[in-house]
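2 protein chains.
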Amino acid sequence: MRALEERIRREGLILSDTVLKVDSFLNHQVDTALALEIGQEFKRIFAGKPITKVLTIEASGIQFAMATGIALDVPFIYAKKKKAVTLAEQVYTAPVHSFTRQETYQVSISQKYLGPDDNVLIVDDFLATGAALVGLVNIVRESGATLSGVGCVIEKGFQEGRGLLEEMGVEVHSLARITKMSPGEIHFAEADSPAAIKEKV
Amino acid sequence: MRALEERIRREGLILSDTVLKVDSFLNHQVDTALALEIGQEFKRIFAGKPITKVLTIEASGIQFAMATGIALDVPFIYAKKKKAVTLAEQVYTAPVHSFTRQETYQVSISQKYLGPDDNVLIVDDFLATGAALVGLVNIVRESGATLSGVGCVIEKGFQEGRGLLEEMGVEVHSLARITKMSPGEIHFAEADSPAAIKEKV
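As given, the protein sequences belong to chains A and B, one line each in that order. Under the numbering used here, read the first sequence as residues 1 to 201, first letter to last. Under the numbering used here, read the second sequence as residues 1 to 201, first letter to last.
Since the hints were made in silico from the structure, they are not lab data. Check the hints yourself; a few may be wrong.
As the list claims (entries may be wrong) - Computed from the model, here is a short list of chain B residues facing chain A with C-beta under 7 Å:
hint	residue
1	Gln111
2	Tyr113
3	Gly115
Stated by the list, open to error - Not close to chain B: a few residues of chain A, all C-beta gaps over 10 Å, as computed:
hint	residue
4	Ala94
5	Ser143
6	Glu160
To be verified - Label-pair restraints from in silico Cβ distances:
hint	chain 1	residue 1	chain 2	residue 2	range
7	A	Arg44	B	Asp117	35 to 41 Å
8	A	Asp73	B	Arg2	43 to 49 Å
9	A	Gln90	B	Phe99	49 to 55 Å
From the three backbone atoms N, C-alpha and C, an ideal C-beta is built for every residue, glycine too.
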């Protein structure tokens with residue numbers, strides 16, 4: 001997605017070879033118009049799939065699940081990061097290890113909102129280690145719902161997340177796929193390039 | 001907001017005199033069409049205020065800040081509940097005590113995204129004790145921005161939140177204002193009734 005890549009080049013802060021900050025427009029302050037365009041782009045990419053629900057994880061996935069839900073005219077669900085006090089009923093859970101925070105937490109979804117009649121598109125802001133997304137895929141499978149795929153706004157293509165998801169047989173699409181970065185320099189893969197990433201020249 | 005009150009009557013689960021679950025349509029599974037209507041309603045209520053940014057707190061405020069940002073065509077910011085690893089720059093912070101979890105956490109916002117040129121509308125899903133909202137109001141004041149008001153989707157009118165905010169001179173509007181509830185029974189205040197709550201008959 002060209003507009004997104006240009007915005008990342010202009011406003012993204014590359015703090016190291018692995019840390020990219022996009023909190024001026026994606027995940028702290030949010031450009032609502034850009035978020036809506038991101039939703040439309042996921043609708044275009046997953047066109048033809050009979051998606052009934054968008055699924056994400058709190059907190060930074062919510063604005064993109066909302067935008068995608070608006071584009072597809074379906075509800076979205078956000079998984080909670082720990083069992084909340086008012087979540088008394090039966091829940092699907094999966095453990096997720098956060099490499100950033102070096103801790104393992106539980107993600108959970110009420111069983112009332114996901115079942116065999118659902119066709120799910122998982123959406124998140126970043127695809128890096130894939131830990132949270134693998135947890136969500138396992139939850140979708142446990143629920144008996146059909147998984148149409150995973151859509152990520154930004155992919156760190158040099159980390160293992162895509163490989164883990166593709167090994168599980170999941171279709172993965174990212175709107176901006178970074179092949180390499182370091183302070184002052186960022187490279188994106190060609191749009192819709194196959195798993196073997198081809199860099200833009 | 002009549003459609004919201006009816007939805008709460010139909011789908012809300014009243015677990016006790018103080019706990020209302022609305023996670024089938026507002027804060028776990030989200031009805032995106034209803035969320036967009038909520039954004040339009042806040043736009044209507046705060047019409048004429050030169051709002052430049054919507055502010056909320058992760059996670060359950062995000063969908064309503066997004067909807068309000070869409071309606072007003074402005075960005076939104078969500079405060080983080082603890083200082084994140086990638087938030088290296090200067091932040092505004094405020095301590096918030098959670099009565100549900102019996103713990104105090106820090107909310108923080110990057111100083112880059114809020115300043116004297118901003119006119120802020122704070123939006124959240126629930127107004128109950130008001131703890132988180134008081135923290136956000138203090139942050140807006142510290143930043144030098146103008147505060148246009150606070151918009152909440154559901155207000156537990158029998159708790160102290162509104163009183164605390166009004167004592168601070170803040171204009172508060174809620175879309176569904178509960179005066180009393182218990183399992184099987186719920187009462188809403190008349191729309192736009194003054195601080196002394198008048199119940200519907």
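Quick rundown of the hints versus the structure:
1. With 7 Å as the threshold, the beta carbon of B:Gln111 stays out of range of chain A, its nearest partner Cβ sitting at about 12 Å, so the hint is violated.
2. At about 4 Å, the closest approach between the beta carbon of B:Tyr113 and any beta carbon in chain A falls short of 7 Å, and the interface hint on this residue holds.
3. Annotation: interface hint on B:Gly115 violated; nearest CB of chain A at approximately 12 Å, more than 7 Å.
4. Even its closest Cβ contact with chain B, about 16 Å, leaves A:Ala94 beyond 10 Å, as expected for a residue assigned away from the interface.
5. Every CB of chain B is more than 10 Å from the CB of A:Ser143 (nearest about 13 Å), matching its label as outside the interface.
6. Even its closest Cβ contact with chain B, about 19 Å, leaves A:Glu160 beyond 10 Å, as expected for a residue assigned away from the interface.
7. Restraint check, A:Arg44 to B:Asp117: a C-beta distance of roughly 36 Å satisfies the suggested window 35 to 41 Å.
8. In this structure the hint that A:Asp73 and B:Arg2 lie 43 to 49 Å apart at CB is violated, the actual value being about 22 Å.
9. One distance hint, 49 to 55 Å for the beta-carbon pair A:Gln90 and B:Phe99, is violated here, with the actual separation near 26 Å.
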